[in-house]
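The primary structure of each chain is shown beneath.
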Amino acid sequence: MSRIETADVVVIGAGIIGAACAEALSASGLRVLVVDRGAPAGGTTAGGEGNVLLSDKAPGPELDLAVLSRRLWPELIEALRAELGDEAARVEWEPKGGLVVATDQDAVGPLAILAEAQREVGVEAVELTPDEARAMEPHLTEQVAGAVHYPGDAQLQPVLAATAMLAAVRARGGEVRGGAEAHGLVFDAWGKVAGVHVGRETIACDAVVNACGPWAGHFSVAVGAPIEVLPRRGMVLVTGPLPHVVGRKVYAADYVAAVASSNVDLQVSAVVESTATGTVLIGSSRQRVGFDEALQVEVLRRLARSAVKLFPVLAGVPVMRTYGGFRPYTPDHLPVIGEDPRFPGLWHASGHEGAGIGLAPATGRLLADLMCGRESEVDPLRFKVDRPAVIAEVRT
Amino acid sequence: MRRIVVIGAGPAGMAAASAAALHGVDVVLIDAGAKLGGQYHRQDALAPGDRFAPSVKLASRRYELPPNVEHVANAAVWAIEPVDGGHRAHLRVGPADGLDRRGRAVEARALVLATGAYDRALPFPGWDLPGVFTAGAAQALAKGQGVAVGDRVVVGGTGPFLLPVAASLIGAGARVVEVAEANAAVTGWLSKPAGALAGWSKSGELARYAGMLARHRVPYRSRTAVVEAHGSECVESVTVARLDALWNPVPGSERRVEADAVAVGFGFTPQLELALAARCRVEDGFVVVDAAQGTSAPGVFAAGELTGIGGADLAASEGAVAGAAAAKFVGAAVEPPLRAMARVRSGRRFAEALNAAYPVRPGWQGWLRDDTIVCRCEEVTRAALYRAVDERDVGAARSLKLVSGAGLGLCQGRVCGRNVAELADVDGTGFAKRPIASPIRLSELAEEEPVESPIDAEESGRALGVEY
Chain A
55 MSRIETADVV
65 VIGAGIIGAA
75 CAEALSASGL
85 RVLVVDRGAP
95 AGGTTAGGEG
105 NVLLSDKAPG
115 PELDLAVLSR
125 RLWPELIEAL
135 RAELGDEAAR
145 VEWEPKGGLV
155 VATDQDAVGP
165 LAILAEAQRE
175 VGVEAVELTP
185 DEARAMEPHL
195 TEQVAGAVHY
205 PGDAQLQPVL
215 AATAMLAAVR
225 ARGGEVRGGA
235 EAHGLVFDAW
245 GKVAGVHVGR
255 ETIACDAVVN
265 ACGPWAGHFS
275 VAVGAPIEVL
285 PRRGMVLVTG
295 PLPHVVGRKV
305 YAADYVAAVA
315 SSNVDLQVSA
325 VVESTATGTV
335 LIGSSRQRVG
345 FDEALQVEVL
355 RRLARSAVKL
365 FPVLAGVPVM
375 RTYGGFRPYT
385 PDHLPVIGED
395 PRFPGLWHAS
405 GHEGAGIGLA
415 PATGRLLADL
425 MCGRESEVDP
435 LRFKVDRPAV
445 IAEVRT
Chain B
23 MRRIVVIGAG
33 PAGMAAASAA
43 ALHGVDVVLI
53 DAGAKLGGQY
63 HRQDALAPGD
73 RFAPSVKLAS
83 RRYELPPNVE
93 HVANAAVWAI
103 EPVDGGHRAH
113 LRVGPADGLD
123 RRGRAVEARA
133 LVLATGAYDR
143 ALPFPGWDLP
153 GVFTAGAAQA
163 LAKGQGVAVG
173 DRVVVGGTGP
183 FLLPVAASLI
193 GAGARVVEVA
203 EANAAVTGWL
213 SKPAGALAGW
223 SKSGELARYA
233 GMLARHRVPY
243 RSRTAVVEAH
253 GSECVESVTV
263 ARLDALWNPV
273 PGSERRVEAD
283 AVAVGFGFTP
293 QLELALAARC
303 RVEDGFVVVD
313 AAQGTSAPGV
323 FAAGELTGIG
333 GADLAASEGA
343 VAGAAAAKFV
353 GAAVEPPLRA
363 MARVRSGRRF
373 AEALNAAYPV
383 RPGWQGWLRD
393 DTIVCRCEEV
403 TRAALYRAVD
413 ERDVGAARSL
423 KLVSGAGLGL
433 CQGRVCGRNV
443 AELADVDGTG
453 FAKRPIASPI
463 RLSELAEEEP
473 VESPIDAEES
483 GRALGVEY
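In the order they appear, the protein sequences are chains A and B. When the letters of the first sequence are read in order and numbered with my numbering, they come out as residues 55 to 450. When the letters of the second sequence are read in order and numbered with my numbering, they come out as residues 23 to 490.
For the record, the hints were derived by calculation from the structure and aren't laboratory data. There's no promise every hint is true.
[Unchecked claim] Negatives, chain B to chain A, calculated, CB over 12 Å:
{"hint": "1", "residue": "A69"}
{"hint": "2", "residue": "R124"}
{"hint": "3", "residue": "L151"}
{"hint": "4", "residue": "V169"}
{"hint": "5", "residue": "A378"}
[What the hints assert, rightly or not] Per label pair, the in silico range of CB-to-CB distance:
{"hint": "6", "chain 1": "A", "residue 1": "G294", "chain 2": "B", "residue 2": "P70", "range": "30 to 36 Å"}
{"hint": "7", "chain 1": "B", "residue 1": "D122", "chain 2": "A", "residue 2": "P149", "range": "38 to 44 Å"}
{"hint": "8", "chain 1": "B", "residue 1": "Q387", "chain 2": "A", "residue 2": "M190", "range": "46 to 52 Å"}
{"hint": "9", "chain 1": "B", "residue 1": "E305", "chain 2": "A", "residue 2": "Q159", "range": "54 to 60 Å"}
{"hint": "10", "chain 1": "A", "residue 1": "R135", "chain 2": "B", "residue 2": "P152", "range": "35 to 41 Å"}
{"hint": "11", "chain 1": "A", "residue 1": "A136", "chain 2": "B", "residue 2": "A375", "range": "55 to 61 Å"}
{"hint": "12", "chain 1": "B", "residue 1": "D447", "chain 2": "A", "residue 2": "A136", "range": "26 to 32 Å"}
{"hint": "13", "chain 1": "A", "residue 1": "G233", "chain 2": "B", "residue 2": "V169", "range": "46 to 52 Å"}
{"hint": "14", "chain 1": "B", "residue 1": "P152", "chain 2": "A", "residue 2": "G294", "range": "19 to 25 Å"}
{"hint": "15", "chain 1": "A", "residue 1": "S430", "chain 2": "B", "residue 2": "L121", "range": "55 to 61 Å"}
{"hint": "16", "chain 1": "B", "residue 1": "D312", "chain 2": "A", "residue 2": "G233", "range": "26 to 32 Å"}
{"hint": "17", "chain 1": "B", "residue 1": "L121", "chain 2": "A", "residue 2": "D185", "range": "29 to 35 Å"}
[Unchecked claim] Stretch-level coverage of chain A by chain B, calculated; a stretch enters the list once three of its residues show a Cβ under 8 Å from a Cβ in chain B:
{"hint": "18", "region": "228-242"}
{"hint": "19", "region": "365-378"}
All C-beta atoms in this analysis are idealised placements derived from N, C-alpha and C, irrespective of residue type, glycine included.
Same shape as in the complex, but just chain A (with noise of 0.2 Å):
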């Protein structure tokens, strides 16, 4: 592979979000360079789950681009499967289906009420009785109170589906590049984007994206461009492998609500999946603590206890690991899509939270269509950049 010197953009992390963004721009034909401070999708990327979710998603902005990606993800496997070959393609996709499941009668109602407000905007969502629902997974709790059955929702490896489209960007003549670490801009003398300093070189490009996930504010803070994305950490417990015990992605009532918080203080609610190799996934968590990366012993337990209310016959389980990491967080938790209206050529691409895999074909779709002048499917005007949440200030 031979080492660019120029490029047409140059994004900034090679987590999903960076590799989606990076593979739709090399999709329309621009000569992308990749590069991150640390190892391709070793960060936020190997830290999550591999949600493509519908169902945790009130009617809004951020259900438009989970509909859009929803559908992308497959279109996009198999275009990458035909492009790079089975293997290099592949992703563990799972389009298993979700089930949210109240085990309290309070809880019912205003699952009922999502559910028909999701509905609406034509997302599948079927609500289950409670006999209906453990026939559906036969190892759920007695305690079942009501449940919504998800059809759309899906999984896949997140690290596997990031250096696929990785992969794909290097297919077309552009280069990821690890170790590389982006530190300042270069304008011309129209105060446009000129230019990248990564390391001790210069990039000249037209275009730089900050996909730097959770460190997309310290990025753009780096480049006299300040954006609010913050860091929310979570963790992920993995059992031993197991018979086959959890058939979809099965989640408590009360996830929906953990994730629109914007509490600072822990958060569980349980998410149990299976996955292809039969370990068990159990999240979520939530919580606001900077980039610390201490262990906390409270967050595991609780996941724990929330996983065994749903799915008594885990309690022998062994859990094998524990893995965590930082979702990039924006105050109104959506993410931010765009052009820096203060720096031309400048373009973020982050503030998905724990949503980014779900989110990341649609992202580089509308990113890509922004930056080339193309229609874009979903309304952008909602995830720009320059909005009272993400920078405080504008002048355009």
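Fit chain B to the supplied structure of chain A, relying on the hints for placement.
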């Protein structure tokens, strides 16, 4: 109350516990084994009593423990959690895999990690057949249970450790067919008393083992390795080959040797997960320590094989230094243990010379074939690993595990981590990060454990370093 926690009750941990306790500090000594002593002083698990049990007699014998040491046996430390002013160790006490392990959480301002090392196995075609053991496992079975792993055993690998392993096997009734040392012969050093090993306390012990092998007419061959094991259901024979200086097999030197078991050991891998959880700095695979055995994490000391492979004597000396430093850290009046510190310095010199003489050289990678399993838990072959490296181009352990599957299984990379890291040319420390240090059932994890002797907030406010 002055109290420290020591994790690991081998030579380093026992010496640390003893040193701290003799300075009037209460010690909680936690170990996975049923009895004290660790791997090196492995006691017969079936015999009654524990020859190292804490007693009121003051330490007349070297490893005797004072009464203010609480020995917590059969305990798995599954997490180390940083808390204000110190660390909290989370443990489950009871037989491994038992259903009624009891949970405990112990806090202390000072922590001595003496978690030791386990022996390293290199993969080769057939290494996943029943009958292939690590040298350490073969020795543990022989010493702890009196069981020989086979009738005709080939011992292979590198380093002086192969000699006691062969001797233990003979002691347990096996016929050791051959000892294959991949580097230069240990016995060559032993025959030159004025050489590099002069003055090393182990040389006498090694000479005894060498004598035992000679009496039993066991061939000991240098620059030789087991490069393949054959058999349908279990090991029936092995291929032994001569190696060149880089450990590439010399073409035409292969011999088939009949054997029903193989014991292989290629040096040792330190048990790093708790040190990493306590955020100790690790360099070149070992915990970095200062002259007081202090790590980069305040209040955390490390001793023994964690800091470098050096054997039981060096481990015990480091333990004595670490225990004294930990006692000082929690406020005991401690004079610098100058003699132990001097023993550590000289011990490290010998250890460095030994480690330099018995490295693992890169030619082993050529013993593998495409279909040779490199990660046994997840059954990842060399071909699959290389394909993941080439196609996914991830460049670091964390994502390499996720794209290849290697290191994701039940052993969590303990067996394959270093080998996979070398094959893929990435830093291996990432394979040793295991925030959950040993498997724990969800119901156990869900349980609240009472925290014993929580750290006093005022006490923890005092900044105390240990400087000699």
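Results of checking the hints against the structure:
| no. | hint | verdict |
| --- | --- | --- |
| 1 | A69 | holds (31 Å) |
| 2 | R124 | holds (16 Å) |
| 3 | L151 | holds (22 Å) |
| 4 | V169 | holds (27 Å) |
| 5 | A378 | holds (30 Å) |
| 6 | A/G294 <-> B/P70: 30 to 36 Å | holds (35 Å) |
| 7 | B/D122 <-> A/P149: 38 to 44 Å | holds (42 Å) |
| 8 | B/Q387 <-> A/M190: 46 to 52 Å | holds (48 Å) |
| 9 | B/E305 <-> A/Q159: 54 to 60 Å | holds (57 Å) |
| 10 | A/R135 <-> B/P152: 35 to 41 Å | holds (39 Å) |
| 11 | A/A136 <-> B/A375: 55 to 61 Å | holds (58 Å) |
| 12 | B/D447 <-> A/A136: 26 to 32 Å | holds (31 Å) |
| 13 | A/G233 <-> B/V169: 46 to 52 Å | holds (49 Å) |
| 14 | B/P152 <-> A/G294: 19 to 25 Å | holds (22 Å) |
| 15 | A/S430 <-> B/L121: 55 to 61 Å | holds (57 Å) |
| 16 | B/D312 <-> A/G233: 26 to 32 Å | holds (30 Å) |
| 17 | B/L121 <-> A/D185: 29 to 35 Å | holds (32 Å) |
| 18 | 228-242 | holds (count 3) |
| 19 | 365-378 | holds (count 10) |
In summary, the structure agrees with every hint in the numbered list given earlier.
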